[in-house]
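*Asks:* Listed below, chain by chain, are the residues.
There are 2 protein chains.
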Amino acid sequence: MKEVTGSCGHISDMTSREFREATARVIDWITRYFENPEEFPVLSQIQPGDIKAALPGEPPTDGRDFEAILNDFENHLVKGVTHWNHPCFFAYFPCGASGAGIIGELLSATLGLNGMIWRTSPVVTELEDISLDYLRQMLGLASDFSGVIVDTASTSSLCALAAARESLREYNIREKGMAGRDDLPPLTLYMSQEAHSSIEKDAIVLGVGQENVRKIPVDSEYRMIPVELERNILADLGNGFRPFSVVATIGTTSSTAVDPVEVIADICAERGLWLHIDAAYAGSAAILPEKRSLFAGVNRADSLVVNPHKWLFTQLDCSALYCRKPDLLKSAFSLVPEYLTSSEQDSAKNLMDYGFQLGRRFRALKLWMVINYFGSSGLQELLRRHIDLAGRLASWIEESDRFEIMAPVNFSTVCFRLNPRTHKPDTHSPPESQEAYLNELNENLLNELNTTGRVFLSHTKLDGRYTLRCAIGNVRTEEKHVRELWNLLQEQADRLTES
Amino acid sequence: MKEVTGSCGHISDMTSREFREATARVIDWITRYFENPEEFPVLSQIQPGDIKAALPGEPPTDGRDFEAILNDFENHLVKGVTHWNHPCFFAYFPCGASGAGIIGELLSATLGLNGMIWRTSPVVTELEDISLDYLRQMLGLASDFSGVIVDTASTSSLCALAAARESLREYNIREKGMAGRDDLPPLTLYMSQEAHSSIEKDAIVLGVGQENVRKIPVDSEYRMIPVELERNILADLGNGFRPFSVVATIGTTSSTAVDPVEVIADICAERGLWLHIDAAYAGSAAILPEKRSLFAGVNRADSLVVNPHKWLFTQLDCSALYCRKPDLLKSAFSLVPEYLTSSEQDSAKNLMDYGFQLGRRFRALKLWMVINYFGSSGLQELLRRHIDLAGRLASWIEESDRFEIMAPVNFSTVCFRLNPRTHKPDTHSPPESQEAYLNELNENLLNELNTTGRVFLSHTKLDGRYTLRCAIGNVRTEEKHVRELWNLLQEQADRLTES
Numbered sequence: 431m432k433e434v435t436g437s438c439g440h441i442s443d444m445t446s447r448e449f450r451e452a453t454a455r456v457i458d459w460i461t462r463y464f465e466n467p468e469e470f471p472v473l474s475q476i477q478p479g480d481i482k483a484a485l486p487g488e489p490p491t492d493g494r495d496f497e498a499i500l501n502d503f504e505n506h507l508v509k510g511v512t513h514w515n516h517p518c519f520f521a522y523f524p525c526g527a528s529g530a531g532i533i534g535e536l537l538s539a540t541l542g543l544n545g546m547i548w549r550t551s552p553v554v555t556e557l558e559d560i561s562l563d564y565l566r567q568m569l570g571l572a573s574d575f576s577g578v579i580v581d582t583a584s585t586s587s588l589c590a591l592a593a594a595r596e597s598l599r600e601y602n603i604r605e606k607g608m609a610g611r612d613d614l615p616p617l618t619l620y621m622s623q624e625a626h627s628s629i630e631k632d633a634i635v636l637g638v639g640q641e642n643v644r645k646i647p648v649d650s651e652y653r654m655i656p657v658e659l660e661r662n663i664l665a666d667l668g669n670g671f672r673p674f675s676v677v678a679t680i681g682t683t684s685s686t687a688v689d690p691v692e693v694i695a696d697i698c699a700e701r702g703l704w705l706h707i708d709a710a711y712a713g714s715a716a717i718l719p720e721k722r723s724l725f726a727g728v729n730r731a732d733s734l735v736v737n738p739h740k741w742l743f744t745q746l747d748c749s750a751l752y753c754r755k756p757d758l759l760k761s762a763f764s765l766v767p768e769y770l771t772s773s774e775q776d777s778a779k780n781l782m783d784y785g786f787q788l789g790r791r792f793r794a795l796k797l798w799m800v801i802n803y804f805g806s807s808g809l810q811e812l813l814r815r816h817i818d819l820a821g822r823l824a825s826w827i828e829e830s831d832r833f834e835i836m837a838p839v840n841f842s843t844v845c846f847r848l849n850p851r852t853h854k855p856d857t858h859s860p861p862e863s864q865e866a867y868l869n870e871l872n873e874n875l876l877n878e879l880n881t882t883g884r885v886f887l888s889h890t891k892l893d894g895r896y897t898l899r900c901a902i903g904n905v906r907t908e909e910k911h912v913r914e915l916w917n918l919l920q921e922q923a924d925r926l927t928e929s
Numbered sequence: 431m432k433e434v435t436g437s438c439g440h441i442s443d444m445t446s447r448e449f450r451e452a453t454a455r456v457i458d459w460i461t462r463y464f465e466n467p468e469e470f471p472v473l474s475q476i477q478p479g480d481i482k483a484a485l486p487g488e489p490p491t492d493g494r495d496f497e498a499i500l501n502d503f504e505n506h507l508v509k510g511v512t513h514w515n516h517p518c519f520f521a522y523f524p525c526g527a528s529g530a531g532i533i534g535e536l537l538s539a540t541l542g543l544n545g546m547i548w549r550t551s552p553v554v555t556e557l558e559d560i561s562l563d564y565l566r567q568m569l570g571l572a573s574d575f576s577g578v579i580v581d582t583a584s585t586s587s588l589c590a591l592a593a594a595r596e597s598l599r600e601y602n603i604r605e606k607g608m609a610g611r612d613d614l615p616p617l618t619l620y621m622s623q624e625a626h627s628s629i630e631k632d633a634i635v636l637g638v639g640q641e642n643v644r645k646i647p648v649d650s651e652y653r654m655i656p657v658e659l660e661r662n663i664l665a666d667l668g669n670g671f672r673p674f675s676v677v678a679t680i681g682t683t684s685s686t687a688v689d690p691v692e693v694i695a696d697i698c699a700e701r702g703l704w705l706h707i708d709a710a711y712a713g714s715a716a717i718l719p720e721k722r723s724l725f726a727g728v729n730r731a732d733s734l735v736v737n738p739h740k741w742l743f744t745q746l747d748c749s750a751l752y753c754r755k756p757d758l759l760k761s762a763f764s765l766v767p768e769y770l771t772s773s774e775q776d777s778a779k780n781l782m783d784y785g786f787q788l789g790r791r792f793r794a795l796k797l798w799m800v801i802n803y804f805g806s807s808g809l810q811e812l813l814r815r816h817i818d819l820a821g822r823l824a825s826w827i828e829e830s831d832r833f834e835i836m837a838p839v840n841f842s843t844v845c846f847r848l849n850p851r852t853h854k855p856d857t858h859s860p861p862e863s864q865e866a867y868l869n870e871l872n873e874n875l876l877n878e879l880n881t882t883g884r885v886f887l888s889h890t891k892l893d894g895r896y897t898l899r900c901a902i903g904n905v906r907t908e909e910k911h912v913r914e915l916w917n918l919l920q921e922q923a924d925r926l927t928e929s
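Heads up: the sequence lines are chains A and B, in that order.
So the working numbering is basically just the index in the first sequence, starting at one, shifted up by 430.
So the working numbering is basically just the index in the second sequence, starting at one, shifted up by 430.
Hints are supplied without guarantee of correctness; some may be wrong.
A pair holds if it fits inside one copy or across any two, identical chains being indistinguishable in the list.
To be verified - Cut-off 20 Å, straight-line C-alpha distance, at most; resulting in silico cross-link-like pairs (SDA-like, lysine to any residue):
id: 1; residue 1: K482; residue 2: S573
id: 2; residue 1: K891; residue 2: Q864
id: 3; residue 1: K755; residue 2: Q475
id: 4; residue 1: K606; residue 2: P616
What the hints contain is simulated information worked out from the structure, not anything from laboratory work.
Predicted model, so just to flag it, every value in this text is computed and none were measured.
Isolated chain A, as found in the complex:
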C-alpha cells in the first residue's frame, strides 16, 4: 500500500505500515481466540439494544485510527457474538471456521473479485468448477452433475426449483409469467412435513404459493412416506393441478431423517417430476464409504444442494448447487445485456447465466484451500470423529434412566429429551398432560443449559414433543466437550426434577 498520508483524516487507503500494524494485532487476537475459545460464553449474554447503546448514534465525520476501531471491536462487538467456533456450540448445524477457510476468505476479500462473467476474473469460474468437481468426486456424485457455488441453501433450492419450473417448457413461464393465464393450472410442489422452511419460502418467491406446497406425512423415523407422496400426486392430477417437483431431504433439520430417495426417484421418473435433493447438512457425510448407503438414489436426482459451510469446515457462505440439467438452469436465468457481453461468451462458462444473482464472490478459494489442507482422508477422519462423538452421547442417553433418544442418529446430530418417567410410567396423569409437562420441563432444561454460557443447543418439536438437538460439526470439538454437555445435562436435570 502507498505511503500517502491524508491531510485531514483518511482520504486514501491504509499505508503499508498501518495495514501491517493492524493485521499484526488482528492475527494476534485470532490466534489467542482459537487457543481458547472456551473463555467466551457460547451464547452471547447481551440484551437487545446493548450494542446500539455502546456505540455512537452517528457516523464519525473524520476518519478514526484503526487502533480505536479495533478497540471497539474487542470491547463492544465481541460481547454480541454467539461463538460458532466454541467447541460446545451444538445448536442448529454448527460450522466453525477453520484456518484454511479463514485464509481463503482473507485472500478473497483482498482481491475483491466479482466472477459475474468469465473474464471479470477467470479464476473465480475455473476454481469453482475445480473445487466443485473435487467435492463431487468425494461425494460419489455422477459426473453429469455440474455445480455452482451460491450463498445459502435457500438460494440453491430457489434456483433448482426455478429450473424445475422452467422444465415445464409447454407453459413458457419465463416469458409469459404465471398470472392471468387460462392455460396454466396451479403448480404443486411436494416435500415432507419435516422439510426445511426454505423450500416453502422458495415456493412463495416463485409464485407457487404456500397452499400448493404439499407436506407429505412422515413415518415414525420422520421420513417421507412414498405412498402418501404418490397418493397426493394422483389426487392433484385428478383435481387439475400440475405437479412439477418433489424435494427429498437427506438429513432433515429437526432430526436428520433420510427420505427414501430411491422410491421417490421412481415416482418422479414415472410422473415426469423434477427431483431436488436437500442434503445441505448431511450431504458432506457422503464422503464416507460407510455412510454412502444413506445416499442411495442421489444420482437419479435432477439437482442437489450440499453446504460445505454446514459440515465441511468451510465457514459461511458456501452452498454448492449440483444440477444434472445445467441447460435448464441456464434457460431459466440467462439474460445477457450488451454491457455484459464478452468475446468468451460462448467459449467459456459465465456464472451469471446459472442464477439470478449477478455478483459472485470468490467463494471457491476457501473451499479449495480447505480440501487441499485436510485432504479427502483428513475430512473423512474429522467427520468420523463427529459421528463417533454423537454415537457416544447417544449411548450415554440410552443407558441413562431419565433421558431418552427421540430419533435415529443417522449422522452427527442427537435428538433427545429429559423424561424422568421413562422407567416409571405415571399412571395417574393422562398422556396429554404428561407430554405438556415434559415439553415445559425440556424447554426449561434448554434455557438453563444455554444461560450457563458453557454450551449452546437448539431445539425442535418431533411429533409435538419438545426435543433438544445436539449437533456436532466443529473442527475443535472433542470428547471432553461432549462430556461437559453430558455433565451439565445431569446437573440441570437434578436441579429441575428434585423439587
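Got chain A; can you put chain B on it based on the hints?
*Replies:* The following block gives chain B in isolation, referenced to the frame of chain A:
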C-alpha cells in the same frame, strides 16, 4: 489454535504456529500487492481451461502443507485474476478492496457467524442496523427507511419486488400462488429501457414473466420518459393487466442516467404502485451535498437499493436494501419453523424474516469498519476525487477532435467513443454504414486497449452505438492512471485510423 499434530495429514485444524506462519506470508503478499498492483495485467491473460490444466484433476487424499497451497495460489491462481484493485480497472462499476474492508472480512471469516436470528449472534443484527443507519444518515434518506444487508442488488431488488407483490393484499399471492386463478390478472412491472437486467431476472423468478415487464422509452439523456410510463400504465389498466411496481434507476449501468424520480413518484402515488429505486452504483454519491439534487424524490420511494460494494470501498458482497414498509417485507417472507423459534422472537429483529435467505454472513462488520476508518468526510473526499477525475477525462475528450462524449457525465463514469469523423463528416457514405463502421472501430479499440493489460474498460450500446465506458471507483485511482488511459487511447486511435 491448539498445538495438536495429526498422525497422518491434517485431522485437526492448524496449530497456532502454522496459522501464524501462513498468515505472515499472506500478509506480506497482500502488502506487496497493494504497493504495486500495476505490476499485474489488469485483465487476466489466460485462456479458458488454463487453470484446470495447471491443477490436479482429483482432490488430494492426504492434506497438504499450507506452504504448498500458497505456492499454488501464487503460481497458478493469480494468473487467472482480473485485478479489480488495479487503479486502471475502469470496467463495469469497479470497487477495489480497502484495508478496512479486508480486515472486516478477515474478522468476519474468523468468527464465522450466521445471523439468521438475533440470538445466533446479536452483533450481526445490531451492527447491521447501526451501519445501515449511519449510511442512511450520510445518504440523506428519511428516518423511516430501515435496512438489511444482502449479497447483491439482484437479491435486494428481488426482495423489494416480492414485497411489492405482497402489497397486493387482496390477491393473497403468498398463500395462493399465481397460477390457475380466475381472480388474478397478469401483473405488470415498469422500468426504463436502460434499467438493469437484474430487474428483468427478478421478474422471471417472481413469476411475473418477461413479457409483462414494460420497458419504458428514454429521452436523449437515457432517462425514463414519464408520459410514456403513464401511457403504458393506462393502456395496461384498460387491457385488464394489474400494474404493481415501477423501478426507477438513479445511475443506470450503461450511462449512469438518472430517471426523473419526482414525477415517477407522483405517478406511483396516483396509481398506488410500489416505487423501487435502483441506485446500486450511484446511490453512494448521495453522501455529497452537491449531488443531492440528483436524488430528489428518493424519500417518496417504497424501497431503494444501494451497494457499498460498488462505490464505497467495501468489497463484494454488501448490498443495502432500504425499505419504508419493512412490515410488507416481513409479511412476504416471515415463516418461522419450530427449530428457529427463540425467546427473543418478538422483542428483537430476526434477519431471516426480511428475505428468503436464511443464512446471513456478518457483512456489516466491513461496512462499519470502512465508515469508521474513512469517516463521512473522508468518503466524501474520495468520491469527489473520482468525480473530478471523470470530469477531467470528459474535458479531454470534449477538447479532442476525434473522440466524443456519448452521455452526460452525472457521476464518475464517462461514456465515449472514437469518432474520427466528428469534425469532418463523410458525406459519401450513408449514416447507417458510418455507424456500422464506428461500431466496429470502437469494438476494435476496446479489444486493443484491454489486451495491453494496462487498462480495462467495458462497453455498452447507447441508441445502437457501440460506446466505451470508463468508470472510476477504486480507492487507489489517481490522475496519473486516468492520464495513462488517455495516452493509450491516443496511441490506439492513431494505430487504428492511420491505415
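*Asks:* Look at each hint and say if it fits the structure.
*Replies:* Right, here's what the structure says about each hint:
Taking the shortest Cα distances, K482 and S573 sit within 20 Å of each other only across copies (16 Å), while inside one copy they are farther apart (50 Å). Proximity of K891 and Q864 under a CA criterion of 20 Å is satisfied intra-copy only: 15 Å inside one chain copy versus 72 Å between copies. Proximity of K755 to Q475 under the C-alpha cut-off of 20 Å is found in neither arrangement, the shortest distances being 47 Å within a copy and 31 Å between copies. When the C-alpha separation of K606 and P616 is checked against a cutoff of 20 Å, the pair qualifies both within a copy, at 15 Å, and between copies, at 9 Å.
Hint compliance for this structure: hint 3 alone is broken.
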